[in-house]
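Engineer: Residue 479 in UniProt numbering sits at position 479 of the sequence shown, and the numbers go up by one each step.
Heads up, some of the hints might be wrong.
With a straight-line cut-off of 35 Å between C-alpha atoms, the simulated DSBU-like cross-links for lysine-lysine are [claimed, not checked]:
#1 Lys622 to Lys695
#2 Lys485 to Lys544
#3 Lys622 to Lys653
#4 Lys616 to Lys695
#5 Lys653 to Lys616
#6 Lys695 to Lys268
#7 Lys268 to Lys485
#8 Lys102 to Lys259
#9 Lys695 to Lys632
#10 Lys695 to Lys485
#11 Lys544 to Lys268
#12 Lys616 to Lys485
#13 Lys397 to Lys259
#14 Lys544 to Lys653
#15 Lys616 to Lys544
#16 Lys632 to Lys616
#17 Lys695 to Lys653
#18 Lys695 to Lys544
#19 Lys268 to Lys616
#20 Lys653 to Lys268
#21 Lys632 to Lys622
#22 Lys259 to Lys485
The set of hints was computed from the structure by calculation and includes no laboratory data.
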Amino acid sequence: MTRSDSDLLWPVERLPDALEQLAQRQGYGRAAGEIAPPAAAVEPSRVWMFALGDRLGVELEPITPLYHELPDVLERAAPCILQVRRDGVPSYLVLLGTRRGKLRLLARDATVVSVQRKSALTLLREEQEATVAEVDQLLGGVEMSPRAREHARSQMLLQRLGQVQLRTGWIMRPRRTASRRTLLGDIPSLVAGILVSHTLLSLVLAGSFWLLGRAALQAHLETGWFLGWIAVIACAIPLRMLEVWWQGVFSIRLGTLLKQQLLAGTLKLTPDEVRLDGIGRHFGRVAEAEVVEQLAVGGALLAVLSLVDLILAGVILVLGAGGWPQAMVLVLWVVVAFVLARRHYGVQRAWSSARVEITHDLLERMLGHRTRLAQLPLERWHDGEDVRLSSYSEISKVMDRRTMQLTALLRDGWLVLALLTLLPAFSIGTANASALAVSVGGILLALRAFDEVAVYFQQVSQAAVSFEQIRDLLLAVGRPELESKVPLEMEGGKQTDAASGTLMEARGVTFRHDARTRPVLENCSFQIAQGDRILLEGPSGGGKSTLVSLLTGLRTPQGGVMLLHALDRATFGSSGWRKRITAAPQFHENHVLSGSFAYNLLLGREWPTSPELRTKAAALCKELGLDELVAKMPAGLEEMIGETGWQLSHGEKSRLYIARTLLQGVELVILDESFASLDPETMRVAQRCVLNHAKALVVVSHP
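Please model the entire structure based on the sequences and the hints provided.
Structural biologist: As structure tokens, then:
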């Protein structure tokens with residue numbers, strides 16, 4: 001190992017310090033304080049890494065790149081840490097980013113070092129390349145130039161190792177609840193660059209209008225003037241290309257941030273919020289989120305650029321033949337534009353609300369309330385539809401009229417007013433050709449801005465209305481989340497390895513749903529010990545599923561206390577509590593996703609998963625009697641299932657849900673009516689498997 005390698009590679013025992021320095025340099029998170037390091041020379045578990053991220057106030061995402069993907073990872077994954085393993089001992093490169101074609105790495109002495117990309121690739125790939133030493137032996141007997149040899153070697157290694165997985169690294173991102181400045185990152189600098197380039201572009205275009213207008217008004221369109229005009233127009237090409245490039249990067253960055261925030265907000269919705277909103281409103285939120293991303297991200301920026309053009313046009317008009325009177329007319333017309341846009345927004349808001357309600361009603365009738373509709377008389381199935389459609393049609397007509405006023409009146413009205421205000425100076429002859437040319441340039445620049453602003457205002461208006469539909473999701477991001485106070489070295493449940501003793505205790509637990517006046521659970525107390533097998537029976541609506549949601553942490557008791565190993569949920573944190581207790585929901589609340597059978601089995605574990613977990617999943621499938629199903633699948637555990645793949649029967653799905661729950665490896669397993677759809681023989685097999693693997697078990701069933 002060279003001196004530079006030893007300076008750049010962080011050992012496992014210094015991993016907390018490396019991540020803390022990386023977070024502080026990026027402006028993420030906070031100081032973690034004293035943290036016990038992981039065991040030396042042993043790769044820390046994912047549970048430990050996630051817990052460390054919680055302490056630092058950042059998100060850590062595992063990444064296991066393929067050999068051929070590594071160059072892209074080095075280009076785009078920063079800030080991150082990437083694992084290098086030598087003689088079985090893991091260490092880490094801390095990547096800050098790239099600059100001028102070189103990688104910026106954080107050295108062990110807290111200095112930033114720039115290295116060639118090729119050096120980092122060699123270091124990260126050396127473990128895998130050592131397994132194919134025959135490549136160098138083969139090339140050793142061939143005469144070729146060093147450059148050709150290196151190229152041939154890289155291509156052969158890419159062919160042999162392209163699909164081989166490298167060691168797991170970790171990408172660092174700010175928490176979704178971080179400050180706006182942290183979340184926005186370099187987006188403000190992109191906006192500043194776009195504004196500068198657009199301002200220069202508008203000045204260049206105004207200058208081209210001045211050149212052409214002056215030549216025309218002086219009646220000498222000579223070759224020199226024409227060539228000068230072409231030269232000025234040519235200067236606009238690189239400025240326009242730069243502006244379009246930065247706009248694209250801006251749209252991607254802001255669109256990605258919006259989607260991340262929406263996903264974070266969705267994950268913080270309570271089960272009751274999800275259930276009460278209904279499928280139609282959820283579908284409407286997805287559609288409106290796309291509208292906000294497509295229109296707000298692009299339309300808002302372009303509307304701002306149009307306002308910049310109007311400001312420049314006003315300055316140019318002051319310098320032209322029309323002077324201040326013409327500039328004041330422009331200001332008044334901008335006020336008229338805002339009034340028209342405001343009127344249009346009001347109508348569009350009512351139109352969008354009506355559209356969302358119609359969509360919600362349709363989907364609820366088709367999917368959400370089919371049983372209720374079946375119980376109604378046939379003549380009442382379409383009650384109220386004509387009234388809603390008629391109201392929607394009337395609102396659409398009004399919006400169409402307002403749209404026509406906004407698009408047609410702004411452009412044509414400005415051109416008429418501008419020419420009228422310029423007419424006195426032109427007819428009296430008090431202004432020279434240069435001043436008239438300047439005025440013409442300002443008029444055309446403002447005309448271009450009004451032509452664009454009418455369209456962009458419509459986009460921003462529609463995006464603003466759509467934003468109201470998803471605002472509650474963005475607000476949900478800021479909801480406080482309990483963070484674990486369990487010592488880092490005790491994460492992963494290692495502190496609970498005792499073979500006996502009380503696992504969970506509830507004292508006086510009370511819970512009432514928002515829509516009800518009476519509590520569904522009142523003064524409920526119980527204990528669950530290590531190794532217990534408990535059958536929970538009760539009538540429908542008696543609170544069994546509510547109790548399950550309280551046990552798993554999906555709901556919070558409104559009274560009383562629930563303890564896990566004598567510690568409350570605030571001590572474990574939301575995620576820490578759920579890592580120790582898991583449940584298989586009722587059949588209608590569980591899902592088979594469009595992915596491989598292995599992916600559905602190991603949902604909730606790390607992905608890509610380890611060979612050990614795949615082996616365990618295959619063995620569990622055999623115990624549950626799913627091995628015959630897997631044998632029929634051409635790709636085995638890798639067979640795609642769900643809506644777009646292999647279809648599973650009702651009983652096969654139930655056993656998949658049971659296997660998914662057991663594979664979490666938690667301390668308390670809860671099965672909510674998981675055996676209801678199984679035949680007697682299959683149920684005995686499934687029960688035997690569950691009893692063999694669950695450390696503590698609660699089975700919910702009807703009497």
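Engineer: Hint by hint, where does the structure go against what was stated? Just the numbers, ascending.
Structural biologist: none
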